[in-house]
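Chemist: Now for the letters of each chain:
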Amino acid sequence: MLTTEAPVAKTIELGNNIYLLKILSPNIASNIKPGQFLNVRVSETYYPLLRRPFSVCDVTGDHIFIMFNVLGEGTKILAHKHKGQTIDILGPLGNGFTYADDFETAVIVAGGLGAAPFPYLIRELKRNKKNIISFVGGKTESDVITYGMENIFISTDDGSLGLKGTVVNLLNRNINLLKNEKVKIFSCGPNAMLRALKEFCLKNNLECEVSTECAMACGFGICQGCPIESTHNHEKYLLVCKDGPVFNVKDVEI
Amino acid sequence: MLTTEAPVAKTIELGNNIYLLKILSPNIASNIKPGQFLNVRVSETYYPLLRRPFSVCDVTGDHIFIMFNVLGEGTKILAHKHKGQTIDILGPLGNGFTYADDFETAVIVAGGLGAAPFPYLIRELKRNKKNIISFVGGKTESDVITYGMENIFISTDDGSLGLKGTVVNLLNRNINLLKNEKVKIFSCGPNAMLRALKEFCLKNNLECEVSTECAMACGFGICQGCPIESTHNHEKYLLVCKDGPVFNVKDVEI
Amino acid sequence: MNKVDLSVSVGPLKLRNPILLASGTVGYGNEMSEHIDLNKIGGIVTKSLSLKPRKGNPPQRIVETPAGMLNAIGLANVGVEVFLKEKIPFLKKFDVPLICNIAASTIEEYIECTKILTEERSISAFEINVSCPNVKEGGLQFGNDISAVGKITAKVKAVTNKPLIIKLSPNVSYISDFAKVVKDEGGDAVSAINTLVGTSFNIFTRRPKIYNVTGGLSGPAIKPVALAKVLEINQRVPIPVIGIGGIMNWQDVIEFMIAGSSAIQLGTVNFINPKASEEILKGLEEYCIKYNVKKISELTGSLKLK
Amino acid sequence: MNKVDLSVSVGPLKLRNPILLASGTVGYGNEMSEHIDLNKIGGIVTKSLSLKPRKGNPPQRIVETPAGMLNAIGLANVGVEVFLKEKIPFLKKFDVPLICNIAASTIEEYIECTKILTEERSISAFEINVSCPNVKEGGLQFGNDISAVGKITAKVKAVTNKPLIIKLSPNVSYISDFAKVVKDEGGDAVSAINTLVGTSFNIFTRRPKIYNVTGGLSGPAIKPVALAKVLEINQRVPIPVIGIGGIMNWQDVIEFMIAGSSAIQLGTVNFINPKASEEILKGLEEYCIKYNVKKISELTGSLKLK
Ligand SMILES: Cc1cc2nc3c(=O)[nH]c(=O)nc-3n(C[C@H](O)[C@H](O)[C@H](O)COP(=O)(O)OP(=O)(O)OC[C@H]3O[C@@H](n4cnc5c(N)ncnc54)[C@H](O)[C@@H]3O)c2cc1C
Ligand SMILES: Cc1cc2nc3c(=O)[nH]c(=O)nc-3n(C[C@H](O)[C@H](O)[C@H](O)COP(=O)(O)OP(=O)(O)OC[C@H]3O[C@@H](n4cnc5c(N)ncnc54)[C@H](O)[C@@H]3O)c2cc1C
Ligand SMILES: Cc1cc2nc3c(=O)[nH]c(=O)nc-3n(C[C@H](O)[C@H](O)[C@H](O)COP(=O)(O)O)c2cc1C
Ligand SMILES: Cc1cc2nc3c(=O)[nH]c(=O)nc-3n(C[C@H](O)[C@H](O)[C@H](O)COP(=O)(O)O)c2cc1C
Ligand code: FES
Ligand code: FES
Numbered sequence: 001m002l003t004t005e006a007p008v009a010k011t012i013e014l015g016n017n018i019y020l021l022k023i024l025s026p027n028i029a030s031n032i033k034p035g036q037f038l039n040v041r042v043s044e045t046y047y048p049l050l051r052r053p054f055s056v057c058d059v060t061g062d063h064i065f066i067m068f069n070v071l072g073e074g075t076k077i078l079a080h081k082h083k084g085q086t087i088d089i090l091g092p093l094g095n096g097f098t099y100a101d102d103f104e105t106a107v108i109v110a111g112g113l114g115a116a117p118f119p120y121l122i123r124e125l126k127r128n129k130k131n132i133i134s135f136v137g138g139k140t141e142s143d144v145i146t147y148g149m150e151n152i153f154i155s156t157d158d159g160s161l162g163l164k165g166t167v168v169n170l171l172n173r174n175i176n177l178l179k180n181e182k183v184k185i186f187s188c189g190p191n192a193m194l195r196a197l198k199e200f201c202l203k204n205n206l207e208c209e210v211s212t213e214c215a216m217a218c219g220f221g222i223c224q225g226c227p228i229e230s231t232h233n234h235e236k237y238l239l240v241c242k243d244g245p246v247f248n249v250k251d252v253e254i
Numbered sequence: 001m002l003t004t005e006a007p008v009a010k011t012i013e014l015g016n017n018i019y020l021l022k023i024l025s026p027n028i029a030s031n032i033k034p035g036q037f038l039n040v041r042v043s044e045t046y047y048p049l050l051r052r053p054f055s056v057c058d059v060t061g062d063h064i065f066i067m068f069n070v071l072g073e074g075t076k077i078l079a080h081k082h083k084g085q086t087i088d089i090l091g092p093l094g095n096g097f098t099y100a101d102d103f104e105t106a107v108i109v110a111g112g113l114g115a116a117p118f119p120y121l122i123r124e125l126k127r128n129k130k131n132i133i134s135f136v137g138g139k140t141e142s143d144v145i146t147y148g149m150e151n152i153f154i155s156t157d158d159g160s161l162g163l164k165g166t167v168v169n170l171l172n173r174n175i176n177l178l179k180n181e182k183v184k185i186f187s188c189g190p191n192a193m194l195r196a197l198k199e200f201c202l203k204n205n206l207e208c209e210v211s212t213e214c215a216m217a218c219g220f221g222i223c224q225g226c227p228i229e230s231t232h233n234h235e236k237y238l239l240v241c242k243d244g245p246v247f248n249v250k251d252v253e254i
Numbered sequence: 001m002n003k004v005d006l007s008v009s010v011g012p013l014k015l016r017n018p019i020l021l022a023s024g025t026v027g028y029g030n031e032m033s034e035h036i037d038l039n040k041i042g043g044i045v046t047k048s049l050s051l052k053p054r055k056g057n058p059p060q061r062i063v064e065t066p067a068g069m070l071n072a073i074g075l076a077n078v079g080v081e082v083f084l085k086e087k088i089p090f091l092k093k094f095d096v097p098l099i100c101n102i103a104a105s106t107i108e109e110y111i112e113c114t115k116i117l118t119e120e121r122s123i124s125a126f127e128i129n130v131s132c133p134n135v136k137e138g139g140l141q142f143g144n145d146i147s148a149v150g151k152i153t154a155k156v157k158a159v160t161n162k163p164l165i166i167k168l169s170p171n172v173s174y175i176s177d178f179a180k181v182v183k184d185e186g187g188d189a190v191s192a193i194n195t196l197v198g199t200s201f202n203i204f205t206r207r208p209k210i211y212n213v214t215g216g217l218s219g220p221a222i223k224p225v226a227l228a229k230v231l232e233i234n235q236r237v238p239i240p241v242i243g244i245g246g247i248m249n250w251q252d253v254i255e256f257m258i259a260g261s262s263a264i265q266l267g268t269v270n271f272i273n274p275k276a277s278e279e280i281l282k283g284l285e286e287y288c289i290k291y292n293v294k295k296i297s298e299l300t301g302s303l304k305l306k
Numbered sequence: 001m002n003k004v005d006l007s008v009s010v011g012p013l014k015l016r017n018p019i020l021l022a023s024g025t026v027g028y029g030n031e032m033s034e035h036i037d038l039n040k041i042g043g044i045v046t047k048s049l050s051l052k053p054r055k056g057n058p059p060q061r062i063v064e065t066p067a068g069m070l071n072a073i074g075l076a077n078v079g080v081e082v083f084l085k086e087k088i089p090f091l092k093k094f095d096v097p098l099i100c101n102i103a104a105s106t107i108e109e110y111i112e113c114t115k116i117l118t119e120e121r122s123i124s125a126f127e128i129n130v131s132c133p134n135v136k137e138g139g140l141q142f143g144n145d146i147s148a149v150g151k152i153t154a155k156v157k158a159v160t161n162k163p164l165i166i167k168l169s170p171n172v173s174y175i176s177d178f179a180k181v182v183k184d185e186g187g188d189a190v191s192a193i194n195t196l197v198g199t200s201f202n203i204f205t206r207r208p209k210i211y212n213v214t215g216g217l218s219g220p221a222i223k224p225v226a227l228a229k230v231l232e233i234n235q236r237v238p239i240p241v242i243g244i245g246g247i248m249n250w251q252d253v254i255e256f257m258i259a260g261s262s263a264i265q266l267g268t269v270n271f272i273n274p275k276a277s278e279e280i281l282k283g284l285e286e287y288c289i290k291y292n293v294k295k296i297s298e299l300t301g302s303l304k305l306k
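Chains as they are written, first to last, in our numbering: chain A, 1 to 254; chain B, 1 to 254; chain C, 1 to 306; chain D, 1 to 306.
Chain A extracted, bound-state conformation (with noise of 0.2 Å):
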């Protein structure tokens, strides 16, 4: 874990609100596992006074990549990054996904912004032989981002494309394709959606580790700001920026 002036090397508009920043850090994209994050300070100012803590979402050779939309000031100020400009980045922070263990098709499941974390896990899963389907979700069109997807089945909320209604519905339908081989799920999403998923993968008894969130201050540990609560002891939380954000869905209420 360190702090690095890094500077970026594009700013990429993937449409409808949604920004990939690319970074040229080698220390970093040599060190970064998929689901881990980075708390990226956006202005060197008091404007906005914390980090902003973003999963990375693709590392290719030096450089790193964000993948984020614009919700806030903080988001506002990072998609107006141009080239050369240096940002200070914490990272890499927390645990990431596992996925070198024994399975053979990995389900990635993800709603909306959600979709951040995929395409570096799904590049590792591919360096792994992993088998991959992407189940991807937003409330309309326009939220469902596939960059650096494969094997795409989508739902929308409104039905404006793919299935009408929500991810765990459309995997739910395709129940059929988990059923023969060794899966895992790998998923990040708003917290409703993770909770449905949970449930799902408890009564089907499939393995699923999720990315999770919380409002953060420091993301390494020190504030104690990112709670979440253990199935396995409540006199105690986890927390997210440590313990986590990748939890096993079991270990986590949601």
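Since the hints were made in silico from the structure, they are not lab data. Any given hint might turn out to be false.
[What the hints assert, rightly or not] When the alpha-carbon atoms are kept at most 27 Å apart in a straight line, the in silico DSS-like pairs for lysine-lysine are as follows:
(1) C:LYS55 x B:LYS250
(2) B:LYS76 x D:LYS275
(3) A:LYS242 x D:LYS55
(4) C:LYS275 x B:LYS33
(5) C:LYS93 x B:LYS242
(6) B:LYS236 x C:LYS115
(7) B:LYS22 x A:LYS83
(8) D:LYS87 x A:LYS236
Since we're looking at a predicted model, the values are computed, not measured.
With chain A held as given, fit chains B, C and D with the ligands onto it using these hints.
Modeler: Showing chains B, C and D with the ligands alone in chain A's frame:
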């Protein structure tokens, strides 16, 4: 008095940390008078929170200029503005110089960044067929700003350029130049300089207008943040932003 | 035509909308009238008036701080007499409720000022400033003295039948204790908050940046504190609150109303964006339409706790 | 070799430099040790410890505000026992003064914690947190109760001969009254300030953003207030002060020392720039060299008033 979103036309680096910002504002350009000022919001954010006051430096056609050196965060942000970005300007504010009255020679006395209001004043003085002599001082060579000045005499505290001494020493040395004509002095600079100048003017019975400074919040009379002691009425302060920033040197305690 | 009813009541005081301009940040209205249509805003609170004119503190009076500013104006004002003679005639040209803010060094002075001003028909209400951190004479620091605040409320109430608002200091352990005494002594509403005491030094000269040494902190920096004070009063004392502190945009206004404010005041933002009040009114109306709020006054104290 | 003597004393507590890391913003040191050399800083103040482990508040615990943040962690901590068994061994690897911060719900718990911890030789001093705004149980709000603060000081002092620092609440009318009682009851120093009570609402759900409803405001936004509190204590009570509140850089440290701090603590800045302490030490040294300050402790209370 108005707030205007005006586009930056050009950022000119004069060197030695001094910048000129050329801004398109037909409205302000056609209304503002030499010695008046603008209160500039350098950022849309709360950083910095308050506007920053700057004298109008020059006007050409539909464009206005401000001149500044990078001191703190506000001027740093301004120096990085580039063509096409808009800035939020409040102005014209305050009272400018009186230069259409009955004198023959305008004597400019500027210390450091005190040079800022004079390019425009000199332009207008010339339109009014006045003679101009400029006395320009600085701590050292790099502080001497002669931009837009005419008929220039120079002093530096350390003697690195021109006379070694203050600009008031310089003026005193050249007092003979002021003796034969109807002169009026126009000055802007640090308070210590203005104090010395006031003494000089009173002793030599010279007409003199000075542009003063004070920490400001609003710039247009609603906060009472910018008092300056009147020589005539000690019951009540004058306000630099509304009653000034230009005063007859006899009217204010400096 | 407005689709939303923006009108609010602050106790007996009826306002066409909840946006007031705070004392000390709008002068006596004339400069602001060049930026906004005074006929549109909820009301103007005058710079604190004292019986006699006050010169105020020497410079420096203003220092910027992170997301805030310190001021130590020292209640510079024209005094009651000049106010009536020179400022009121201008304000009368507008159809805008005028709330007269009064500051004084003694209880007698508060009474005297109110007595004189209450005769003026164009004044809609009084806001009594017991909380200015920037004046030293007078001995008592009223704002921190609960019995003084009670006494001032009762005695001023006795000499006017206009709505009486007491502007509270945030520099106390429990602001609701002060709200309670105001309520008990017949005050109609409280304004919360005035500025927080703060200071700042020049590290090279080692001198305070502000002549008065300390000043009052205002601006967005104090918003969370102000909101907590409004909430505290709202939860403990049934008295209307005018929320003040760091309000910069319509979102902030909604937040203050949810926390318990019947109306709000804009302060520091007027210096930065003199048009803020009009922009905010537009934002409020849009929010109300979008979220189906028929009367904005429904928002007051509408927070949901678990 | 240092050309400047950066060492300071906080009463009986000797520190190699005035830069401490504030309670709740450095955990128990392990994560920070990846960013900075703990052997270089003046000291570490632990997260508040209670007798038994505390789970703390449910999320959301953190909200950003203009130039600040609200937190309501609720004193989540491992408890005294686990601290001694699991955290101290790591900290012992470093040559860094360890100040143990204690929070409790009863006076007895304060005493009990101190009794247990005072046996541990590697603890250099105690900082008693009587001012956490984010816990509700225990009934008493110690920080606002002057006699409780006096009692805690006296009773804790009686069970330890280590330097005793009381961390004061800023949410009071006169913080110096509290500093005085600490001094009178034998406390060695005070820390000022803890966070200011603040809140924030989601304007769409109308719920508080923080689960605990209110939180503690920290960061640059509160710096002017913190400075004024330090100054107030400095001007009224002869007790060493550890200045805390919104310190982001070396300039801020100088400002706090000028206003009367013997040492300072870095809080929120650690989240944003975990290397801040080391950068600040460099800045301090350069300032001292440039302005010919031979011993940094000369700065303490060196402000010049008119
Ligand atoms: C471990 C982790 C990884 C993340 N990865 C990504 C990513 O890869 N791409 C991405 O776009 N976003 C990601 N996020 C969320 C991202 O951090 C926030 O969207 C971002 O901080 C918003 O900053 P802002 O200044 O634009 O918005 P703000 O002005 O801070 O907030 C705008 C709105 O977003 C909400 N918000 C702010 N922070 C969070 C948060 N942490 N979680 C949920 N809501 C929040 C606010 O309450 C507010 O309503 C991640 C968050 C975490 C904790
Ligand atoms: C009527 C008026 C006209 C002015 N015209 C010009 C001009 O044409 N060109 C120009 O360069 N400057 C001018 N100034 C000064 C200018 O406003 C300040 O230099 C500027 O605000 C500094 O902003 P900053 O954010 O860079 O610095 P800050 O970070 O705000 O301050 C940096 C340093 O400058 C000091 N400072 C800040 N504001 C002032 C002020 N108003 N007066 C004196 N010292 C200050 C601060 O105390 C600090 O030490 C004028 C000021 C006034 C009142
Ligand atoms: C420059 C200035 C002058 C002020 N003068 C007064 C005053 O005369 N009387 C008063 O009651 N409040 C005065 N205030 C306090 C404001 O009315 C308001 O309570 C405070 O600034 C908080 O609101 P804000 O954060 O929106 O500015 C003044 C504030 C500022 C910034
Ligand atoms: C996330 C967080 C947790 C904190 N926890 C504690 C604590 O456990 N005990 C304590 O005495 N102070 C605690 N504080 C207060 C800080 O020690 C410090 O007094 C305060 O944050 C002001 O300093 P700052 O503005 O530099 O952060 C905490 C502050 C923050 C931001
Ligand atoms: S964000 Fe600070 S501990 Fe997790
Ligand atoms: S700057 Fe506000 S009155 Fe002059």
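Chemist: Evaluate each hint against the coordinates.
Modeler: Cross-check of the supplied hints:
1. C:LYS55 x B:LYS250: Holds, at roughly 20 Å.
2. B:LYS76 x D:LYS275: OK: B:LYS76 and D:LYS275 at ~24 Å, within 27 Å.
3. A:LYS242 x D:LYS55: The given pair, whose Cα atoms are some 16 Å apart, holds under the 27 Å limit.
4. C:LYS275 x B:LYS33: holds, 24 Å
5. C:LYS93 x B:LYS242: Holds, because 23 Å separates the two Cα atoms, which is no more than 27 Å.
6. B:LYS236 x C:LYS115: holds, 25 Å
7. B:LYS22 x A:LYS83: holds, 26 Å
8. D:LYS87 x A:LYS236: This hinted pair holds, its Cα atoms lying about 17 Å apart.
Every hint from the earlier list agrees with this structure, and none is contradicted.
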